[in-house]
Amino acid sequence: MSNSVELPIAKAINAGLREAMRKDPKVLLFGEDIAELGGVFRVTEGLHAEFGPGRVQNSPIAESGIIGTSIGLAMRGYRPVAEIQFDGFIFPAFNQIVTQLAKLQNRSEGYLQMPVVIRVPVGGGIGAVEHHSESPEAYFAHTAGLRVVSPSNPNDAYWMIQQAIESTDPVLFFEPKRRYWQKGPVNLDGASSSLHQARVIRQGTDVTLVAYGQMVTVALQAAEFAQEEGRSIEVIDMRSISPIDFATIIESVKKTGRLVVAHEDSTFVSVSSEIAARVSELAFYHLEAPVIRVGGFDVPYPPAKLEELFLPDADRILDAVDRVLAF
Amino acid sequence: MVQFLSPEGDVRVPAQWAEYGEHLKSLTEADYLKFYREMARCRRFDNEATALQRQGQLGLWIPAIGQEAAQIGSGFAVGPNDHIFPSYREHGVAITHDIDLMSILKMLRGVNHGGWNPDETRFHLYAIVLGTQVLHATGYAMGVKFDGKVGTGNLDEDLAVISYFGDGATAEGDVSESFLFAAINHAPIVFFCQNNQWAISSRVTNQTKVPLYQRGAGFGVPGIRIDGNDVLASYAVTKKHMNDAREGAGPFMIEALTYRIGAHTTSDDPTKYRDDEEVAYWKARDPLDRLEKFLRKNGINQDFFDQVAHDGEVLSEEIRKATFALGNPPIETMFQHVYSQQHPLIDEQMAWLKNYEESFGGEA
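If you read the sequences in order, they're chains A and B.
276 is the number that numbering that gives the first Met the number 0 gives to position 277 of the first sequence; each next residue is one higher, with no gaps.
301 is the number that numbering that gives the first Met the number 0 gives to position 302 of the second sequence; each next residue is one higher, with no gaps.
Hints may be right or wrong, so weigh each one.
As the list claims (entries may be wrong) - Short, incomplete list of chain B residues facing chain A, as computed with Cβ under 8 Å:
1) T151
2) Y338
3) S339
4) Q340
Unchecked claim - Within a straight-line C-alpha distance of at most 25 Å, the following computed BS3-like cross-link-like pairs (lysine-lysine) qualify:
5) B:K24 <-> B:K271
6) B:K282 <-> B:K292
7) A:K22 <-> B:K148
8) A:K25 <-> B:K148
9) B:K33 <-> B:K292
10) B:K282 <-> B:K296
For the record, the hints were derived by calculation from the structure and aren't laboratory data.
Only a predicted model underlies this, so the values are computations on that prediction, with no experimental measurement involved.
All residues carry an ideal CB built from backbone N, CA and C; glycine is no exception.
So that you can see chain A by itself, here it is in the shape it has in the complex (with noise of 0.2 Å):
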């Protein structure tokens, strides 16, 4: 890499940001405490007093508001970029995107587009209170009408948030928070990759592991120990969780014959219940054995205490890989 910084994904993110305002002035920042704070978790930090309060503003505690009033200015427009404080904090706005962002587009056979970009700091292991580590992308994967993705890296968090601002779609946004401090290297010269790329970041012969978010850090880890036992994981990066880049997983599970799905999200009508059932139809005659899923159980996020044990973890993992290898 020629032009290359080590940034911390929250950072990462920031600098993306910073970038997409330099070059498009119709870029606007909307959410709650992101003016002066930066953001609860600082990823707006310094956007405020770079480009101004005209750009970058303190929203109402009101999140159907900020969707809400981000459609108008679309409509207007603007391209604006929505931070919703924590992913529990979402569902008063759901209303506002899932029957309008995500359809208007539609309803309006095209004269309208819906750039908006709404960012969701996503998922548990930091000890917090209810509602501040939840998974909610199945929700908006499902429906039509808004792309949904997710970095794991400060790469790709960087890139990512450019290609979502540049999308002439509505896209859900989830960065992964217990994650935001998690340093690596961007490469500033240019894209390695499409928004709705999968990316196969390690390889392996025996077993194809699919993650995202932050769970694609835990996914490297137990790949690394499953090496140490002799056993060759291939991990898969989704980077896109609507649409999913079900080439890159099934090429990959035609190599390997077996395929475990991980993810933070309960498991029952997730992101991982629909990679199985896509991989059952699309490579049934590859599969040595069934897919497994490892995610949080079918239980309402639990207090900060037990969340170690809802997560799954390098272990967890293993155990599933050692039973699609059973087979």
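Guided by the hints, dock chain B onto chain A, whose structure is given.
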């Protein structure tokens, strides 16, 4: 309550509303005739659409009967750059902005979900989920403010936004949040609430404890109540507050007190929840009748009313023919414009469905 045109057809401008009355001074006889003609056209359209629904040509119809003055008056008060965000009963406002009435019938027949160009017409799409459009209107008005198109004095460029909603929608959080966002941003928007007193079977007293025009006050949005069956009040008050908003006065709320003479929709049966006396009371305050009385008192002769009736016949005939001629939309309609760019799942499913349909030898 601001009223200029009484149910008896007399015009009087009380001193306390003189400021609004100013906006009546520029109206010519041609304007009064236009108001009547378009209100009559709206009602004719409404009656024809109801008939088409009864004949099975439309899946549903949403009558606006009784609300023509509120809609036509305010619709004509909107400026040439202003944007309108309707709910789903604003056929009269659509008429003032030359929306092809067949677009509305196509939607209620189930051919599409709207499909007119909101940028070109400045009349945005109907919104079925109550109150959602009020936030869009507010966001749009915030954008107008950010663009600096407010209060510059350049009337060719400045604009304001008007958002329509009903008494029922005021109970939705989105409407309250709209007041808040509009107020703190000092956005150029007029909230036009048609209080038709019924949200399907629920009285307005079930939606609010305070008069609706006061609803915005706690958020910093002042308001006024007008007689919504008086086209002159609707025109003049909307005109003033759209002008004010365009000039930078910030948001304002108008409550147009009117009455839903018809059913909520053709699926509704209002005899189950309201009595005939109430309906009769409001029919005696019909917005069209009082304007007709006024026009006749002012020397408009029968020829004009005959012409309006004739135009109504022609409109009905056109609409019937055009509705019968509407085919089913092509398969692609379902898959198009879900996303602006290619989407693998949608492409795959559209190809599958086309192939599946073709497997029946074109008979499906």
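For each hint, the structure was consulted:
| no. | hint | result |
| --- | --- | --- |
| 1 | T151 | violated, 17 Å |
| 2 | Y338 | holds, 5 Å |
| 3 | S339 | holds, 4 Å |
| 4 | Q340 | holds, 7 Å |
| 5 | B:K24 <-> B:K271 | violated, 45 Å |
| 6 | B:K282 <-> B:K292 | holds, 14 Å |
| 7 | A:K22 <-> B:K148 | holds, 23 Å |
| 8 | A:K25 <-> B:K148 | holds, 15 Å |
| 9 | B:K33 <-> B:K292 | holds, 15 Å |
| 10 | B:K282 <-> B:K296 | holds, 20 Å |
Going down the numbered hints, you'll see the structure goes against 1, 5, while the others check out.
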